[in-house]
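**Student:** Okay, here's what each chain looks like letter by letter:
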Amino acid sequence: MNENILVLEGVNKHFPVNSFRMHGKVVHAMDDVSFSLRRGEVLAIVGESGSGKTTTANVMARIYKQTSGRVTFEGREISKNMSREDELRYHKKVQMIFQDPFGALNPTRTVGRIMERPFVIHKIAGRRKAVEESIDKILIQVGLEPPEQFTRKFPHELSGGQRQRVNIARAFAVEPELILADEPTSMLDVSNRMSIMNMMLYLKESHSVSFIYITHDLSGARYMSDRIIVMYAGMIMEIGPAEKIINNSFHPYTRLLKSAAPSPEMGLKRKRLITGGDIPSLIDPPGGCRFHPRCPFVSDICSLEVPAMKKIDEGHYVRCIL
Amino acid sequence: MIELDRLEMTPLLQCKNLVAGYRIKSGFVHAVDDVSFDLDRGGFLGIAGESGCGKSTLAYAIMRLLKDNATIESGSLLFKGADLAKLDEEQMKKIRWVDISMAFQSAMNALNPVLSVGEQLTDAIHAHEEATQSDARKRALEVLKLVDIPKDRFNSYPHQLSGGMKQRVMIAMALILNPELIIMDEPTTALDVVVQRTIIEKIQELRKTLGFSVIFITHDLSLLVEISDTLAIMYAGKIVEYGASESLFNRPLHPYTKGLMNSFPSLTGMIKRMGGIEGKPPDLLKPPEGCRFHPRCPQAIPICRESCPSLEEIADRHSVACFLHKGAEIL
Amino acid sequence: MLKDTFSLFIENRKALFGLMILVFFSGVAIFAPLIAPYDPKTNKVDVLRIVEEEMGRTTTVEREQIDEFTERRVYTQSIATTYERVTTKLPLNARPSRQHLLGTTKAGQDLFSQMVYGTRITLAVGLVTGLFTTILALTLALLAGYFGGVVDDIISLFTNVFLVIPSLPLMIVIAAYITVRGVIPIVLILGLTSWPWPTRILRSQVVSLRNRDFVRVSRILGERPLYILFREILPNMISLVMASFFTSTMAAIMGEATLEFLGLGNVSIVSWGTILYWAQNSGALLSGAWWWFLPPGICIALIGTSFALMNFAIDEISNPKLRKR
Chain P
1 MNENILVLEG
11 VNKHFPVNSF
21 RMHGKVVHAM
31 DDVSFSLRRG
41 EVLAIVGESG
51 SGKTTTANVM
61 ARIYKQTSGR
71 VTFEGREISK
81 NMSREDELRY
91 HKKVQMIFQD
101 PFGALNPTRT
111 VGRIMERPFV
121 IHKIAGRRKA
131 VEESIDKILI
141 QVGLEPPEQF
151 TRKFPHELSG
161 GQRQRVNIAR
171 AFAVEPELIL
181 ADEPTSMLDV
191 SNRMSIMNMM
201 LYLKESHSVS
211 FIYITHDLSG
221 ARYMSDRIIV
231 MYAGMIMEIG
241 PAEKIINNSF
251 HPYTRLLKSA
261 APSPEMGLKR
271 KRLITGGDIP
281 SLIDPPGGCR
291 FHPRCPFVSD
301 ICSLEVPAMK
311 KIDEGHYVRC
321 IL
Chain Y
1 MIELDRLEMT
11 PLLQCKNLVA
21 GYRIKSGFVH
31 AVDDVSFDLD
41 RGGFLGIAGE
51 SGCGKSTLAY
61 AIMRLLKDNA
71 TIESGSLLFK
81 GADLAKLDEE
91 QMKKIRWVDI
101 SMAFQSAMNA
111 LNPVLSVGEQ
121 LTDAIHAHEE
131 ATQSDARKRA
141 LEVLKLVDIP
151 KDRFNSYPHQ
161 LSGGMKQRVM
171 IAMALILNPE
181 LIIMDEPTTA
191 LDVVVQRTII
201 EKIQELRKTL
211 GFSVIFITHD
221 LSLLVEISDT
231 LAIMYAGKIV
241 EYGASESLFN
251 RPLHPYTKGL
261 MNSFPSLTGM
271 IKRMGGIEGK
281 PPDLLKPPEG
291 CRFHPRCPQA
301 IPICRESCPS
311 LEEIADRHSV
321 ACFLHKGAEI
331 L
Chain H
1 MLKDTFSLFI
11 ENRKALFGLM
21 ILVFFSGVAI
31 FAPLIAPYDP
41 KTNKVDVLRI
51 VEEEMGRTTT
61 VEREQIDEFT
71 ERRVYTQSIA
81 TTYERVTTKL
91 PLNARPSRQH
101 LLGTTKAGQD
111 LFSQMVYGTR
121 ITLAVGLVTG
131 LFTTILALTL
141 ALLAGYFGGV
151 VDDIISLFTN
161 VFLVIPSLPL
171 MIVIAAYITV
181 RGVIPIVLIL
191 GLTSWPWPTR
201 ILRSQVVSLR
211 NRDFVRVSRI
221 LGERPLYILF
231 REILPNMISL
241 VMASFFTSTM
251 AAIMGEATLE
261 FLGLGNVSIV
271 SWGTILYWAQ
281 NSGALLSGAW
291 WWFLPPGICI
301 ALIGTSFALM
311 NFAIDEISNP
321 KLRKR
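Protein chains in written order, with my numbering: chain P, 1 to 322; chain Y, 1 to 331; chain H, 1 to 325.
Hint data in this document are derived by calculation from the structure and do not stem from the laboratory. Fair warning: there could be bad hints in the mix.
If you anchor each label on the Cβ, the simulated ranges turn out as follows [unchecked claim]:
#1 H:I135 <-> P:E305: 52 to 62 Å
#2 Y:S106 <-> H:N211: 15 to 25 Å
#3 Y:E205 <-> P:D313: 35 to 45 Å
Every residue gets a Cβ at the ideal spot worked out from N, C-alpha and C, and that includes glycine.
The whole structure should be built from the sequences, with the hints applied where relevant.
**Tutor:** See the structure below:
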């Protein structure tokens, strides 16, 4: 089954700026974002703050509706206005895991009650007994054993890693087709991260779920994903198979990310970064290629027009004139 | 200017058997439990550990900035001939910021939001030295130049600066009185990876020109291995492995160190499934009996449950506190 | 969860103290008839008794003035019984004594009984108004905060407009114009002038909760908005709602006392406010009748303190940083 489960075409998301001075301007959170996700694959979206990766996830989760462009899920176009049944059906198939494990759990409810909701809303497993059994099963799958010990607890009684496991359990409970994971390990202790990542990979296999994994950590993306998208200032800069992006990257920004990432093996042999500068404002992004003010290979055309995505290799595209 | 009047082989800072923690209703939490290390002049010591291991308490203890219910119980901190643990507040004030300064975690919280950058820098000068206003201003501008902050930002307020810039202001503040030692507590954790790299490179560059020593505290072990000379791994208030970074990276001895190394997927090299560590750090109020890591240790042996191993030198510049490595002393 | 919050509340010394004061006054209000020795409004005491039973026809009355206050009349009837009615007029403006723990008013009414019965009106008006205001504010806050958009714009507009109008002068103006006098108009006036402040506060919290991740998760899971409002957002607002309630009640008690003191309520009912009104009217301050105006003043202050203490306790519970180790 190699069909595309999710396709984004030319999706833009602009937020109006509320201040008086800047009336009429917008925050270009996403511009011309296009990619497709195959069933069963893990696609990582890598970028720094302000890159638009979280907004992309929010648009896919329908927390925000896209300003323009097409989003197609399982062959059907997802329009801005959907009926209640359609929305419910979409939410059963697309779930999200958030960055802050504690913030995503209602502090006044027990784990058991929190886990009940997905089953009740989507009318999976009718009777109370069946629901309880399903909850226990999924809690065991995420490593919270024995489940009875955890269903009675409140979020503040759990550790960070355990909380995130509850979030993951909740996302998988509805048996979705697609899971959006927004930096799921960045707020966890280092020693917990690996087991959470491994668990997500295992669940992905056992439940046949497609994954979109959002992170700022290139090495985490490499570990988890089949393909990587690199975003900068709201636009996709490079997209391709994980190994190619890491070892054979084309875009200067991707190369910058790679050289900036900590790598114990490189040690003193590291070459100095030639690029300075900061991430640009999304209200007035640089004209043409958004990276051009910081690009060591910049030429005149770069400030004039936005480069189109060029094909380098099978499945490997780059938005650069080089 | 730092005067190296005599080329000493003694370390700049010698921490010996430091015990520090804080008192709560139910008892005393030993956040730092019998910690010892040496820092050479011009050296770069990295302290790695996760949340709750006591590394921040250690940093504050060295600066004697512990809050009211936190104290140094015992041990010594020898710095240029004086024991920092025993100095009173007056004497400590002369050393703080002049000889030892600190760059705090999260510049957002450490910078005063209602004072401009320039004001905060000159305040730091005036608080510790007699200086004229214009003199202080000149020095503030100099140090801002050192950290690559444009002159026109002198009158900016913290909220007008980007995250990376705020962090550089923090470093400027730490540098302004030319200290010999700067303690950095997770200075780059909240920053993007590219900004982090520029800040780290700037710190290295400044070290070469100004010659100060650094204690760098973070949970990002892969970063530490790259940038530090010496590395100390902390767990539950104790140092479990200590020595030259290369040595620890090539040959991690303590199971916790191995587990930590195994938690950072590599960017180069083969992709393989990695482990991580099961469980969570212990409650420092009632730590486990014996070796503090034994409940999570995949290689625990019976003695680990009974006694706590002490740090012992196994090879040149490589010590570990673990019974798996022969000759570890039994307390 | 509620149990935990309750026990935390009880453990807090401030809350306990405040709660005890409230319980004390509530007890006084509930058991008023058992506690008050006299009827609060009367200025005399009638004791009627049967003296003897006898057959006969004529009725004679014998009157005897026993002393300045007491008059004794003896009716002798031919048929049946002889009654004796002893009417004791209460002393006027008397200082506290064993018979009159808080003395008497200028009209001879026992002040202790007045204070005891007055507790009923004062507490009832306060609590009912507080409840009314809080429920109104909460409803508006939930609607405005969660749904946003036009609903929020309209509600916020009204809230802001009413917020700017000074409540005390408004209360006075309304009270002066309405013809119906009584407790219910007071409750309505107080409620309708004090809802903007808590509405604003509660709305802010609704907005902030709405943006929390766990509410987003609920939306993504497909929860209905009403469910989210009542089971996700509201439970996280309990401490703020309680604090609002205490504040509103306190304000209502003060407001009621103020209106009554100014004579804008029904001055023939007995509440702490009316006691103050009559005290003022009869020149108690000038004549030094401290037993008349001090007790109501002190009690109002005490009740206010009790609510303030409970409010502090709620602050401490919901903001762990304020708790003492």
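**Student:** What are the numbers of the hints the structure violates, in ascending order?
**Tutor:** Per hint list: zero violations.
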